[in-house]
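K.L.:
Protein chains in written order, with this note's numbering: chain L, 1 to 114; chain X, 1001 to 1115.
These aren't lab readings, by the way, just hints derived from the structure by calculation. Just so you know, these numbers come straight off a predicted model, no measurement behind them. Some clues are possibly wrong.
[Claimed, not checked] List time: in silico SDA-like cross-link candidates among lysine to any residue, alpha-carbon distance up to 25 angstroms: (1) Lys57(L) / Gly1094(X); (2) Lys1038(X) / Gly40(L); (3) Lys71(L) / Thr20(L); (4) Lys1005(X) / Glu62(L); (5) Lys9(L) / Glu24(L); (6) Lys1005(X) / Gly40(L); (7) Lys57(L) / Thr1107(X); (8) Lys57(L) / Glu24(L); (9) Lys70(L) / Asp54(L); (10) Lys1054(X) / Lys1068(X); (11) Lys9(L) / Pro1040(X); (12) Lys1005(X) / Gly58(L); (13) Lys1038(X) / Asn26(L); (14) Lys1005(X) / Asn84(L); (15) Lys1054(X) / Thr1026(X); (16) Lys1071(X) / Asn1007(X); (17) Lys9(L) / Glu72(L); (18) Lys57(L) / Phe88(L); (19) Lys1038(X) / Arg1017(X); (20) Lys1038(X) / Asn28(L); (21) Lys1071(X) / Gln41(L); (22) Lys9(L) / Ser22(L); (23) Lys9(L) / Tyr1039(X); (24) Lys1071(X) / Ile1048(X).
[Stated by the list, open to error] Each pair of labels, with its calculated beta carbon distance range: (25) Thr112(L) / Ala1070(X): 37 to 45 angstroms; (26) Ile60(L) / Ser1012(X): 29 to 37 angstroms; (27) Pro1040(X) / Ser7(L): 15 to 23 angstroms; (28) Glu69(L) / Tyr1039(X): 26 to 34 angstroms; (29) Ser1010(X) / Ile60(L): 20 to 28 angstroms; (30) Ser1012(X) / Thr112(L): 28 to 36 angstroms.
[Said to hold, decoys possible] With the Cβ distance kept under 8 angstroms, some of the chain X side facing chain L (calculated, not the full set): (31) Leu1034; (32) Pro1044; (33) Phe1046; (34) Lys1102; (35) Leu1103; (36) Thr1107.
C-beta: ideal position from N, C-alpha, C; glycine also.
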Amino acid sequence: DGGITQSPKYLFRKEGQNVTLSCEQNLNHDAMYWYRQDPGQGLRLIYYSQIVNDFQKGDIAEGYSVSREKKESFPLTVTSAQKNPTAFYLCASSMRQGLTGELFFGEGSRLTVL
Amino acid sequence: DQQVKQNSPSLSVQEGRISILNCDYTNSMFDYFLWYKKYPAEGPTFLISISSIKDKNEDGRFTVFLNKSAKHLSLHIVPSQPGDSAVYFCAARGAGAGTASKLTFGTGTRLQVTL
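Same shape as in the complex, but just chain L:
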């Protein structure tokens, strides 16, 4: 079955610690994305990558870092510099120059900072 796998589904972190969220896709999509959802807010774009070894900042990149060493993988690191990291994180992918702009989403990872 093709899809996007995010892990872990739930993660707890102490303040001051970095944490890495995993995102793997087997859809052979070129582009991958990280979004963040907070209660009562829409999804906000953190980072996106059009191709391996390339990525761009989204609207709220501060305190986050990403890498794209393989086409299938786009991990997100939430650093201690992120002031309000507790949120639901969503990874997505899309076809290169997809006609309709459709993104395919993973199931999400909920990060809670204690």
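Using the hints, position chain X against chain L.
P.N.:
Below, chain X alone, put in the same frame as chain L:
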């Protein structure tokens, strides 16, 4: 500056009736508009989209209408079913992201379909 707005945080509709979810946008450069459905603790799933050069797109019970002059789109669900109860997000695709599909999302509308 919120470029995509969903002004109704919630909507309750009886089963079998029509659900109408609304979305407004400010950026005239958006070229595609999409609707996603989301259940709690899950990722959003794609429902339907419309190109900025069209004014209507239909897929089964779901129809999206686009009014470019008013910068407004709406999603109609007819007839509404209890399984449609979820949060619906409007999204718009902007230019300038190369081959990526950089979507801007609204804040969502929670639809509850009652028996």
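K.L.:
All hints are to be evaluated individually against the structure, with a verdict given for each.
P.N.:
Evaluated hints:
no.: 1; hint: Lys57(L) / Gly1094(X); in the structure: holds, 15 angstroms
no.: 2; hint: Lys1038(X) / Gly40(L); in the structure: holds, 13 angstroms
no.: 3; hint: Lys71(L) / Thr20(L); in the structure: holds, 18 angstroms
no.: 4; hint: Lys1005(X) / Glu62(L); in the structure: holds, 24 angstroms
no.: 5; hint: Lys9(L) / Glu24(L); in the structure: holds, 13 angstroms
no.: 6; hint: Lys1005(X) / Gly40(L); in the structure: holds, 12 angstroms
no.: 7; hint: Lys57(L) / Thr1107(X); in the structure: holds, 21 angstroms
no.: 8; hint: Lys57(L) / Glu24(L); in the structure: holds, 20 angstroms
no.: 9; hint: Lys70(L) / Asp54(L); in the structure: holds, 11 angstroms
no.: 10; hint: Lys1054(X) / Lys1068(X); in the structure: holds, 9 angstroms
no.: 11; hint: Lys9(L) / Pro1040(X); in the structure: holds, 13 angstroms
no.: 12; hint: Lys1005(X) / Gly58(L); in the structure: holds, 19 angstroms
no.: 13; hint: Lys1038(X) / Asn26(L); in the structure: holds, 22 angstroms
no.: 14; hint: Lys1005(X) / Asn84(L); in the structure: holds, 23 angstroms
no.: 15; hint: Lys1054(X) / Thr1026(X); in the structure: holds, 18 angstroms
no.: 16; hint: Lys1071(X) / Asn1007(X); in the structure: holds, 14 angstroms
no.: 17; hint: Lys9(L) / Glu72(L); in the structure: holds, 19 angstroms
no.: 18; hint: Lys57(L) / Phe88(L); in the structure: holds, 19 angstroms
no.: 19; hint: Lys1038(X) / Arg1017(X); in the structure: holds, 21 angstroms
no.: 20; hint: Lys1038(X) / Asn28(L); in the structure: holds, 24 angstroms
no.: 21; hint: Lys1071(X) / Gln41(L); in the structure: holds, 21 angstroms
no.: 22; hint: Lys9(L) / Ser22(L); in the structure: holds, 10 angstroms
no.: 23; hint: Lys9(L) / Tyr1039(X); in the structure: holds, 15 angstroms
no.: 24; hint: Lys1071(X) / Ile1048(X); in the structure: holds, 18 angstroms
no.: 25; hint: Thr112(L) / Ala1070(X): 37 to 45 angstroms; in the structure: holds, 41 angstroms
no.: 26; hint: Ile60(L) / Ser1012(X): 29 to 37 angstroms; in the structure: holds, 32 angstroms
no.: 27; hint: Pro1040(X) / Ser7(L): 15 to 23 angstroms; in the structure: holds, 19 angstroms
no.: 28; hint: Glu69(L) / Tyr1039(X): 26 to 34 angstroms; in the structure: holds, 32 angstroms
no.: 29; hint: Ser1010(X) / Ile60(L): 20 to 28 angstroms; in the structure: holds, 25 angstroms
no.: 30; hint: Ser1012(X) / Thr112(L): 28 to 36 angstroms; in the structure: holds, 31 angstroms
no.: 31; hint: Leu1034; in the structure: holds, 6 angstroms
no.: 32; hint: Pro1044; in the structure: holds, 5 angstroms
no.: 33; hint: Phe1046; in the structure: holds, 5 angstroms
no.: 34; hint: Lys1102; in the structure: holds, 6 angstroms
no.: 35; hint: Leu1103; in the structure: holds, 6 angstroms
no.: 36; hint: Thr1107; in the structure: holds, 5 angstroms
Hint violations for this structure: none, all hints satisfied.
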